[in-house]
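Undergrad: Hints in hand, dock the two standalone chains.
The lines below spell out each chain.
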Amino acid sequence: MGSIWLDGRSGAYPALDMVIRSAGVPIKLYSGWQTRSRSSGGFTQLLGIVCHHTASPSSQGFQSCWDYLAVGHPDSPVANMILGRDGTVGVHAAGASNHAGKGGPWNMSRGTVPLDSANSYCIGIEAQNDGVGENWSPAMMESYEKMCAAMCSAYGLQASDCIAHREWAPSRKIDPWGGNQATAGFVYTGPRMWPMRGGQGFCDGVARRMSGGPDTGDEDFVFPWFATRSA
Amino acid sequence: MPGPIGDMTPEDAFDPDDIDPEATARIFMNIRHNLAPEGHPNYDELSAEEKALYAFVIILLLKRLREEGTG
Chain W
1 MGSIWLDGRS GAYPALDMVI RSAGVPIKLY SGWQTRSRSS GGFTQLLGIV
51 CHHTASPSSQ GFQSCWDYLA VGHPDSPVAN MILGRDGTVG VHAAGASNHA
101 GKGGPWNMSR GTVPLDSANS YCIGIEAQND GVGENWSPAM MESYEKMCAA
151 MCSAYGLQAS DCIAHREWAP SRKIDPWGGN QATAGFVYTG PRMWPMRGGQ
201 GFCDGVARRM SGGPDTGDED FVFPWFATRS A
Chain X
232 MPGPIGDMTP EDAFDPDDID PEATARIFMN IRHNLAPEGH PNYDELSAEE
282 KALYAFVIIL LLKRLREEGT G
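So the sequence lines, in the order shown, correspond to chains W and X. Just so we're aligned: the first sequence equals residues 1 to 231 in this note's numbering. Just so we're aligned: the second sequence equals residues 232 to 302 in this note's numbering.
FYI, nobody ran anything at the bench for these hints, they're computed from the structure. Check each hint, because a few of them may be wrong.
Covered stretches of chain X (chain W as the covering partner; in silico rule of three or more C-beta atoms under 8 angstroms from a C-beta of chain W) [as the list claims (entries may be wrong)]:
no.	region
1	246-260
2	265-275
Interface residues of chain X toward chain W, partial, derived using beta-carbon atoms under 10 angstroms [said to hold, decoys possible]:
no.	residue
3	ILE236
4	MET239
5	THR240
6	GLU242
7	ASP243
8	ALA279
9	GLU280
10	ALA283
All C-beta atoms in this analysis are idealised placements derived from N, C-alpha and C, irrespective of residue type, glycine included.
In isolation and in its complexed conformation, chain X is listed as follows (with noise of 0.2 angstroms):
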């Protein structure tokens, strides 16, 4: 039998689309959460502040692994 979800691969989250810094700082943190919840607070129960943080270390994250032709 077919596992939970057992059709989605990976091709079926392809998409060229840019990457949205906050949407990818929120993914990022959420997994974090939801793997650990006890000391890692989910995107939204960050501060504006932190949010931007984050936000800015994905802006950088990305812009490095462009540059190698990984991004």
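Bound conformation, chain W alone (with noise of 0.2 angstroms):
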């Protein structure tokens, strides 16, 4: 049972509503999201950040995913938070949740994630997207890069941190997937599993945030202090 939460309370870890807000991403708080959790607690450790679609219907509206993520799911809290398609991201639990599962073993930038043993050791993002060929918004794709760059600035990780779910569990996961068509200024969204890394993939992305690179625009919501802390 883990003793990382991530609603403050945990010294060196800082709340992840000031995290996201400082990235400049909309955000909503879900009630009771401080001490929501699955059944073993806090984090053990936190090492990374999975990547999830819903495949949910794209018809389906944030409000009523958001419930059945935070509270109606019979293994809620799935994930820690959801981002919706306008990009606002929905923070609903601060402690382990419930979206890797079987999987694994991982090797991340501060230590590896055992075998199946990613909720309680990674963070969990649910992208609300039908997994069948809905393009991704461009602002829920400035989002997702924007709030991984700074949750590994904040938690002392890297941008390679950020897995799919389907690298943590290739034999029966294939999220993220891309649209149809590509969303302009984020060419791995386009219909197949998202590349994570090699250059053009959403790794890449969030270093190029992190690092306040010409092409984000993005140079103010790093977290400097954090990102310079030894793990």
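TA: Spelled out as structure tokens, the structure:
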């Protein structure tokens, strides 16, 4: 059972809401988010971020999907937060959550996530997308990269510590899956499993934002104090 | 079309980490609260003594399940 909570009570780990706000990403907080977790409580260690899509209908609204993730699913809380189609983030769990499950192990910059243990070692983000070709909106992709960059900076992680669910569990997962048309400026969102690395992947976009690269225009959201914090 | 969170399976909820009695008590209490809010407070509305009692019950249940080899 873990002791790391992302509501500000665990000294070296700033609160998720503050971190995401610092990225300039619109945010909502679900009632009780500070104490919500899976049955094991807080994170055992915080070594990475797992990116998902919800595989929910494109017609489903933000609130109903968020309710389902936070309190409605039999295994809720599902992930720590939702990313809506308009780029709004909804945080509903500061402790460990259910989202990644069986898979791994996976080597991160600060250590190895053990076999089947990503739920208690990684933040989970569920992004609203039907997973069968729905295009990803520009606002959503801006938020996805920005929030991951901010969390990596705040929690002493590297951009490469963002992994796709299909990387963690390749035999049973495909997410995140791209849209029928790639989103302008986010070439990895085309009609296939998102490439995460290799220069044109999601992690590369996050890395550019963390370094304040010239193509992002976002240089004011990184937590420089936390970025230099030792592991 | 997939349903809500169409790709979430029981395998995604698996994790070998130990059960936290307080977290588990909170989940149980809040499920009941969400299903029937009237007369069923959520966990954070309980007194410290009530919270401790619920956590103690969870510990006893887990002990029993482990003795039976099902926990």
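Undergrad: In ascending order, which of the hints set out earlier in this document are inconsistent with the structure?
TA: 8, 9 and 10
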